[in-house]
Structures are given as structure tokens and as C-alpha cells.
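Build the full structure now, drawing on both the sequences and the hints.
Taken in order, these protein sequences are the chains called A and B. For the first sequence, position 193 (counting from the first letter as 1) is numbered 193 according to the UniProt record's numbering, and the numbering increases by one without interruption. For the second sequence, position 173 (counting from the first letter as 1) is numbered 173 according to the UniProt record's numbering, and the numbering increases by one without interruption.
Think of the hints as simulated: they come from the structure by calculation, not from any bench.
Which copy is meant is left open, so a pair is good if it fits within one copy or across any two.
Taking lysine to any residue pairs in the SDA-like style, the calculated list, with each CA pair at most 25 angstroms apart, reads:
{"id": "1", "residue 1": "K130", "residue 2": "E177"}
{"id": "2", "residue 1": "K130", "residue 2": "D175"}
{"id": "3", "residue 1": "K130", "residue 2": "P176"}
Note that the coordinates shown come from a computational prediction; the quantities given were computed from them, not determined experimentally.
Number of protein chains: 2
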Amino acid sequence: MPPPENPLTPARILEATEDVLRRYGPAKATVVDVARALGVSHGSVYRHFATKAALREAVTERWLDREHDELSAIADGNGPAEDRLRRWLAALFAAKRRKAGDDPELFATFLELARENSGTVARYLTTLLKQLATIVASGVADGEFAARDAAATARALWDATARFHDPMYASEWADPEIDADFTEVCELLLRGLRA
Amino acid sequence: MPPPENPLTPARILEATEDVLRRYGPAKATVVDVARALGVSHGSVYRHFATKAALREAVTERWLDREHDELSAIADGNGPAEDRLRRWLAALFAAKRRKAGDDPELFATFLELARENSGTVARYLTTLLKQLATIVASGVADGEFAARDAAATARALWDATARFHDPMYASEWADPEIDADFTEVCELLLRGLRA
Chain A
1 MPPPENPLTP ARILEATEDV LRRYGPAKAT VVDVARALGV SHGSVYRHFA
51 TKAALREAVT ERWLDREHDE LSAIADGNGP AEDRLRRWLA ALFAAKRRKA
101 GDDPELFATF LELARENSGT VARYLTTLLK QLATIVASGV ADGEFAARDA
151 AATARALWDA TARFHDPMYA SEWADPEIDA DFTEVCELLL RGLRA
Chain B
1 MPPPENPLTP ARILEATEDV LRRYGPAKAT VVDVARALGV SHGSVYRHFA
51 TKAALREAVT ERWLDREHDE LSAIADGNGP AEDRLRRWLA ALFAAKRRKA
101 GDDPELFATF LELARENSGT VARYLTTLLK QLATIVASGV ADGEFAARDA
151 AATARALWDA TARFHDPMYA SEWADPEIDA DFTEVCELLL RGLRA
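Dropping the structure here:
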């Protein structure tokens with residue numbers, strides 16, 4: 001028997017799951033909906049993802065990963081650390097706003113996972129904190145920044161910008177003053193970092 | 001007819017409401033429970049507070065006001081602005097933690113009101129931002145701090161310390177690392193303020 005033209009891969013399942021989540025929302029979407037969209041049995045889906053929770057984690061991870069690439073390019077780039085940090089924080093805020101506005105159903109899934117303290121969200125946080133620490137450490141190495149401990153400073157930068165990346169604040173991201181508030185916080189933090 | 005020995009005042013109603021909220025929680029407590037605790041009809045309670053929502057706002061306001069006094073004494077006190085700002089932020093965080101831990105039912109009421117964007121919570125925020133701006137402005141006047149706009153800087157300090165006062169983060173306030181995280185954020189902000 002020849003292999004099917006379009007074999008059922010994890011990537012295809014995740015793509016269909018994103019569509020189903022967008023259409024039905026995280027509360028109503030089921031594995032049966034995903035299987036139906038793919039024209040396969042739900043057993044076939046379960047062969048790749050053992051539970052509905054595992055599938056939901058994987059789809060969120062894939063969605064968050066797209067954001068990492070842009071941010072990691074900034075973190076690992078050249079130029080003054082202050083400029084990279086400013087661009088990194090602005091890119092993170094822009095990505096979150098875009099997701100909350102353009103992709104509200106997947107954003108709601110992410111918010112639910114964040115509330116459940118899932119492994120996916122913990123890994124995502126670890127990745128972003130490492131990127132922040134890379135920028136801080138390079139600024140210290142170049143004599144631009146003063147910081148005893150790059151990891152602790154990265155955590156402080158993350159905490160201090162929570163209003164501009166924590167999904168709990170998404171409803172405030174359309175406020176007309178939010179951009180000025182963001183700039184004010186960033187500039188205060190950058191002044192605090194300068195050597 | 002002589003006046004009753006214990007006239008029904010707003011203060012007595014608010015005290016009874018606090019007790020009722022502590023006992024039944026914000027979801028179950030009713031105006032009838034408050035009236036019963038006072039030995040009066042619910043009509044008597046409604047003569048002082050027109051709706052259940054008005055009563056709930058008033059009890060939250062009274063509860064938040066107790067916190068203002070301690071903080072305003074620090075804001076209006078003497079000594080270096082840096083020291084006052086550090087103490088003010090620490091006192092706010094301590095008060096929030098105490099309330100979340102010791103008074104979870106009233107804290108839940110406050111959290112509900114905060115989500116509804118109530119007038120009480122907006123007034124509370126305005127009062128606290130004014131206190132922060134007072135400290136910043138006095139630091140600028142003494143040549144300790146550099147800040148173009150004390151009100152905008154106060155807002156930035158408030159936003160940057162959200163993890164340590166926003167009730168949405170209450171579940172993290174028992175984490176063993178939270179005190180170190182708080183200190184790291186405060187010291188970064190204070191370095192950013194220095195002239």
C-alpha cells in the first residue's frame with residue numbers, strides 16, 4: 001500500500017488545532033473537532049498527543065516560539081546594549097499586543113495555561129529571562145551597564161515591565177496612555193542600569 | 001420617645017458589613033445578613049446605603065483608608081527622599097500581603113471591585129500616586145533625584161512595582177524569592193531616579 005499523500009504529522013495536527021481554537025475558543029474546542037477538521041479519527045490524533053492537555057500545551061508552545069525568534073535576534077545582535085534592551089522590551093510588548101488583539105482565542109488559551117502554571121509557560125519564561133540576561137551581561141562587559149548579577153537584574157527588568165507583557169493586563173493595552181507609560185518605565189529602568 | 005441607646009450610624013453598619021463579609025465571603029454576604037447582625041430591618045440599612053453595591057464600595061473604602069494613613073505619614077515625613085521612597089514601597093507591599101493573608105474575604109471583595117474599575121479603587125489609586133509624586137518632587141527639590149515630571153515618574157514607579165501591590169499577584173506573595181525580587185526591583189528604580 002503506498003503511503004498516504006498527506007501523512008498525519010504533529011505539525012499538521014497543531015495547525016488544525018490552532019484553527020479549531022480560533023473558531024470555537026479554548027472552552028469549547030475538542031479533540032474530536034480537530035480530528036474532524038483533519039478528516040481522521042480522534043484515535044489518530046491521540047497517537048501523537050496523549051491527552052487534550054498535551055495538545056493544548058503543544059499548540060501554545062508553537063505559538064509562543066514564533067515570538068522567540070524575533071526577540072532572540074535582538075538579544076544576540078550587535079550594537080549598544082541599551083539600544084538592544086529598549087528594542088527587545090518594545091518588541092515583546094508589540095508581540096503581546098498583536099496577539100491579544102489579532103488572535104484573541106489563542107491568547108485566551110495562553111492565559112489559561114499561564115494561570116495553571118504550566119510547563120510550557122515556565123519554559124517560555126526561562127527562555128525570555130535568559131535573553132534579557134544576555135543583553136545585561138553584554139552591557140556590563142562593555143562597561144555600559146552596572147549590574148552585580150545579570151540573572152537577578154534580568155528578573156527585575158521582567159518584573160518591572162509586567163504591565164506591558166503579563167496577559168492579565170491585556171485589557172489595558174488599548175489605553176491611549178499606555179505607550180507613554182511604557183516609555184516612562186523603560187527609561188527609568190535604563191537610567192538605573194547605566195554604569 | 002427617647003433616642004435609642006445605640007443609634008444606627010454608617011460606621012456601625014460598615015463594621016457589621018466587614019464582619020459579615022469575613023464570615024460569608026463577598027459572593028454570599030447579603031444586606032439582610034448585615035441587618036440581622038445589627039438587629040435592624042434591611043430597610044434601615046438601605047436608608048444609609050442605597051444599594052448593596054454602594055455598601056460594598058463604602059466598606060472597601062474604609063478598609064483601604066486605614067492603609068493610607070501609614071503611607072501618607074511616610075510620604076510627608078522628613079529625611080532623604082530615597083529612604084522615604086524605599087520605606088513607602090516596602091510599607092505598601094507589607095500592607096497588601098498582610099491583607100491578602102489575614103483578611104482574605106475582604107481582600108477578595110477589593111479584588112472584585114478592582115476588576116469592575118470601581119470609583120473607590122480609582123480614588124485609592126489617585127491618592128497613592130499623589131503620595132509617590134510628593135516623595136519624587138521633594139527628592140528633585142533637594143537635588144537627590146532627577147525627574148522631569150514628578151507625576152509621570154510616580155506612575156512609572158507604580159507600574160514597575162505592580163507585582164508587589166497588584167492584588168492579581170497575591171498568590172505569588174508567599175513565594176520564598178519574592179522579597180529578594182522586590183529588593184532588586186526597588187534598588188534598580190532608585191538608581192534610575194538618582195540625580
